[in-house]
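So the protein lines, in turn, are chains A and B.
Using the working numbering, the first residue of the first sequence is number 1, and each one after it goes up by one.
Using the working numbering, the first residue of the second sequence is number 1, and each one after it goes up by one.
Calculated directly from the structure, the hints in this document are not laboratory data.
Wrong hints could be hidden among the right ones.
The list that follows gives simulated cross-link-like pairs (lysine-lysine, DSS-like), each with its CA atoms no further than 25 Å apart [what the hints assert, rightly or not]:
id: 1; chain 1: B; residue 1: Lys255; chain 2: B; residue 2: Lys317
id: 2; chain 1: B; residue 1: Lys363; chain 2: B; residue 2: Lys317
id: 3; chain 1: B; residue 1: Lys293; chain 2: A; residue 2: Lys39
id: 4; chain 1: B; residue 1: Lys255; chain 2: B; residue 2: Lys293
id: 5; chain 1: B; residue 1: Lys105; chain 2: B; residue 2: Lys84
id: 6; chain 1: B; residue 1: Lys317; chain 2: B; residue 2: Lys360
id: 7; chain 1: A; residue 1: Lys29; chain 2: B; residue 2: Lys360
id: 8; chain 1: B; residue 1: Lys86; chain 2: B; residue 2: Lys133
id: 9; chain 1: A; residue 1: Lys39; chain 2: A; residue 2: Lys29
id: 10; chain 1: B; residue 1: Lys255; chain 2: B; residue 2: Lys363
id: 11; chain 1: A; residue 1: Lys27; chain 2: B; residue 2: Lys203
id: 12; chain 1: A; residue 1: Lys29; chain 2: B; residue 2: Lys255
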Amino acid sequence: MKKSIIIMMVPTILFSMNFQAQDTFNKSKLDLYLDQLGKNQKTMCGVVISMEGQVVYEN
Amino acid sequence: MEDRVPISHETKFRIGSISKMFTAAIIFQLIEEGHLTLDTKLSDFYSQIPNAESITISHLLNHRSGIHSFTSDSTYFDYYTSPKSKEEILTLITQSEPDFQPDEKVAYSNANFVLLGYIIEDITHSTYPEELKKRITVPFNLNDTYYGGEIEPEENEASSYNFENNEWIIQPENDMSIPHGAGVIVSTPRDLTSFVTSLFSCKMVTETSLEKMKETDHVFGRGLLRFPFYDRYSYGYNGGIDGCVSYVSYFPEDKVATAFTSNGMNYSLNDILIGILNIYFDLPFDIPDLGAKEIALERENLQKYQGTFSSETLPLKITLHVDGNTLFGQATGQSAFPLSPFSETEFRFEIAGIVIEFSKDVKGTVQYDTFHLRQSGGDYLFTREQ
Chain A
1 MKKSIIIMMV PTILFSMNFQ AQDTFNKSKL DLYLDQLGKN QKTMCGVVIS
51 MEGQVVYEN
Chain B
1 MEDRVPISHE TKFRIGSISK MFTAAIIFQL IEEGHLTLDT KLSDFYSQIP
51 NAESITISHL LNHRSGIHSF TSDSTYFDYY TSPKSKEEIL TLITQSEPDF
101 QPDEKVAYSN ANFVLLGYII EDITHSTYPE ELKKRITVPF NLNDTYYGGE
151 IEPEENEASS YNFENNEWII QPENDMSIPH GAGVIVSTPR DLTSFVTSLF
201 SCKMVTETSL EKMKETDHVF GRGLLRFPFY DRYSYGYNGG IDGCVSYVSY
251 FPEDKVATAF TSNGMNYSLN DILIGILNIY FDLPFDIPDL GAKEIALERE
301 NLQKYQGTFS SETLPLKITL HVDGNTLFGQ ATGQSAFPLS PFSETEFRFE
351 IAGIVIEFSK DVKGTVQYDT FHLRQSGGDY LFTREQ
């Protein structure tokens with residue numbers, strides 16, 4: 001059992017940005033990203049995003 | 001998966017330390033029922049453990065107990081695939097010297113949540129898997145979440161792998177008698193988003209309990225971790241067991257839950273999550289060239305890139321310097337970061353999505369006096385200061 005804690009890292013040079021949650025977003029871009037991760041043997045994974053309890057993305 | 005079976009929506013993964021959120025939720029239910037308080041002493045259950053008179057339930061939940069994490073010892077790898085009884089684990093924990101005095105500081109320890117799992121069993125006179133079922137998975141319809149055992153691929157449970165010598169190699173399995181409340185659960189990403197959404201909807205614990213869980217010392221809450229993303233935070237946990245790596249978090253402002261489960265990782269979890277969240281929130285993100293390979297550059301070649309560079313469009317300077325055989329970048333007032341060469345002209349700090357690109361002239365000679373820095377969709381020209 002690994003004990004490492006991996007904390008999401010904010011890029012070193014980063015300006016504050018306004019953004020908001022959405023149930024419509026660029027799903028094909030996320031599909032492509034995960035597909036590239038798999039094809040290049042970076043990971044084998046499952047991903048789900050939900051908003052207000054409703055699944056808006058599943059791969 | 002085993003025998004190259006593709007991962008499906010039904011594939012179940014070992015989620016490692018995300019189990020700690022489930023254990024914490026049950027502990028807060030027991031607090032609400034009057035069986036415990038955050039100030040209850042460990043000595044009420046396991047007085048033989050060093051400092052038990054001073055260690056509270058709260059210290060176990062937020063990793064402030066000082067109890068040594070036995071899973072960090074090199075000897076752990078001598079026995080981790082074999083069953084251990086509760087008495088044997090308690091002996092291991094009891095015989096370990098404390099890392100520090102209770103509440104003196106924070107240090108992640110799996111022993112904290114193994115003990116919390118045992119305390120759940122002691123209070124309820126039941127077993128952890130039964131309480132998990134009764135209190136969490138049945139009432140919240142988490143049908144693919146349960147106390148794990150030996151991995152059964154025919155039941156859609158994912159074996160785990162490490163990437164070695166250009167291929168995925170199956171990994172030995174932790175015997176699940178050991179991680180218990182610290183890392184025993186098997187689940188799916190869909191169930192994990194349901195779980196964290198129910199938790200933050202205060203259907204699983206009260207709002208008062210949830211607020212206690214969220215109280216953090218920057219990162220560590222009570223059974224929750226706080227993750228920064230730009231100027232907001234999400235709460236959840238991440239886990240690693242065998243070759244499995246997982247993550248779940250919830251953005252309370254947006255009511256958005258994200259879960260990632262993997263049974264083989266050959267890339268930074270941070271990079272993957274930043275990519276997923278940037279795409280979801282429609283923030284700038286260029287899918288990296290994942291087929292590119294790092295190259296080796298000799299120190300004497302790296303030294304040609306050294307210098308201080310400034311930009312007309314960014315109010316900071318970047319200094320490039322060589323330490324050992326690595327080129328580092330350092331922006332004004334910030335920490336140095338290593339730059340990996342992918343070609344003579346391209347260097348990356350992938351964890352932050354930074355690309356620094358020099359150019360070549362028509363004769364193919366590298367131009368060391370200017371570079372473009374690309375990050376988060378921005379492109380900035382930097383010029384060497386004289």
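Going through the hints against the structure:
1. B/Lys255 with B/Lys317: Violated - the C-alpha atoms of lysine 317 of chain B and lysine 255 of chain B are around 39 Å apart, more than 25 Å.
2. B/Lys363 with B/Lys317: violated (29 Å)
3. B/Lys293 with A/Lys39: holds (14 Å)
4. B/Lys255 with B/Lys293: violated (38 Å)
5. B/Lys105 with B/Lys84: violated (30 Å)
6. B/Lys317 with B/Lys360: holds (23 Å)
7. A/Lys29 with B/Lys360: Violated, because 31 Å separates the two Cα atoms, which is more than 25 Å.
8. B/Lys86 with B/Lys133: Between lysine 86 of chain B and lysine 133 of chain B the Cα gap is close to 20 Å, so the pair holds against 25 Å.
9. A/Lys39 with A/Lys29: Distance of about 15 Å is within 25 Å: holds.
10. B/Lys255 with B/Lys363: violated (55 Å)
11. A/Lys27 with B/Lys203: Violated, at about 30 Å.
12. A/Lys29 with B/Lys255: holds (22 Å)
Violated hints, in rising order: 1, 2, 4, 5, 7, 10 and 11; the structure is consistent with all others.
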